[in-house]
Every structure is written in structure tokens, then in C-alpha cells.
Amino acid sequence: MKYLFIVAFIYFTLFSCSKNTTSNNVTPTNCDLVTVVSEEEYANAPSDYVQINKVEIEGDCLLVNFSASGCSGESWEVKLVDQGLILESFPPQRNLRLSMKNPEACEAYITKELSFDISNLQVDGDQVQLNIQEYDGGILYKY
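Going by mature numbering (1 follows the signal peptide of the UniProt record, and there is no 0), the letters in the sequence shown line up with residues -18 to -1, 1 to 125, in that order.
Calculated from the structure, these hints are not laboratory results. A hint or two may mislead.
What the hints assert, rightly or not - Pair by pair, the computed Cβ-Cβ distance ranges are:
(1) 86 / 25: 38 to 44 Å
(2) 30 / 105: 29 to 35 Å
(3) 89 / 34: 16 to 22 Å
Here the structure is a predicted model, which is why all the values come from computation and not from measurement. A virtual CB, placed ideally from N, CA and C, is assigned to each residue, including glycine.
Construct all of the structure, not just a fragment, from the sequences and the given hints.
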């Protein structure tokens, strides 16, 4: 009888536990989108024309103000893509580009602003220089 009790106890203990599928390392941000880190996407993501007007950092969000031709901008697919490489310098540097897929064929010139979570771009230390393709100067991300 004691043996049956022990087996039942072990059985219920093992099967009553559930696996935690949420990551404790993820910090939610108020950014619109997450930055993609991929050497392949950096090289192959859509590259329709986009003019980057201004970038600034607020917390862990990179705010990007950009313009392109189109009808309304509602069908644009925009991604911020990191090359996946860290350039060893002081401060370390990362290369990014704003990927744009623009199927709109209108003559209007539309300006939008999106924010991207850049917390996944942090490296050892407390800062990294973000070099954004087609944007002069880059921006220093301190964390």
C-alpha cells in the first residue's frame, strides 16, 4: 500500500507541473516593431526607395521618421534590419538598414514615424554606435 501511495504521489507531482513557455529575458517595450537581426535579411530584404529624415532614441526605442512616395502608406512593409555583425571599435558599432517594400504607385509623398525596439542590439559595455544605411552620422545608443 505504501508503494502504491509513493508511485501515485510521484505521478501526480510530475504531471501536474506545466512548462513555463514565457521568457524572463524579454522586456516589453512600447515600440511599434522589433528590430530584426539577420545577415541574410540585411542582404536580401526589400529595398524600395525610402528617405530617412530623422532618427532619435527614447529608452530602448529607435524612432525613425521617413518618407516615400505612395498613396497612403497603409500597404508599406517596413523593417529595421541589423547586419548581425559587431564592428570592434570604441564604441562598438552595428550596421542597420531600413527595409521598405512599397507596392503603392501614386505620386503623393508621405511621411511616417515608426519606433523599433533596439534592446536586442545591446553588446558588452553600455553603448553601441548604430550606423543606419542612407542616414548620415548614425546614432549612439546608450543603455
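Results for each hint:
| no. | hint | in the structure |
| --- | --- | --- |
| 1 | 86 / 25: 38 to 44 Å | 25 Å, violated |
| 2 | 30 / 105: 29 to 35 Å | 30 Å, holds |
| 3 | 89 / 34: 16 to 22 Å | 21 Å, holds |
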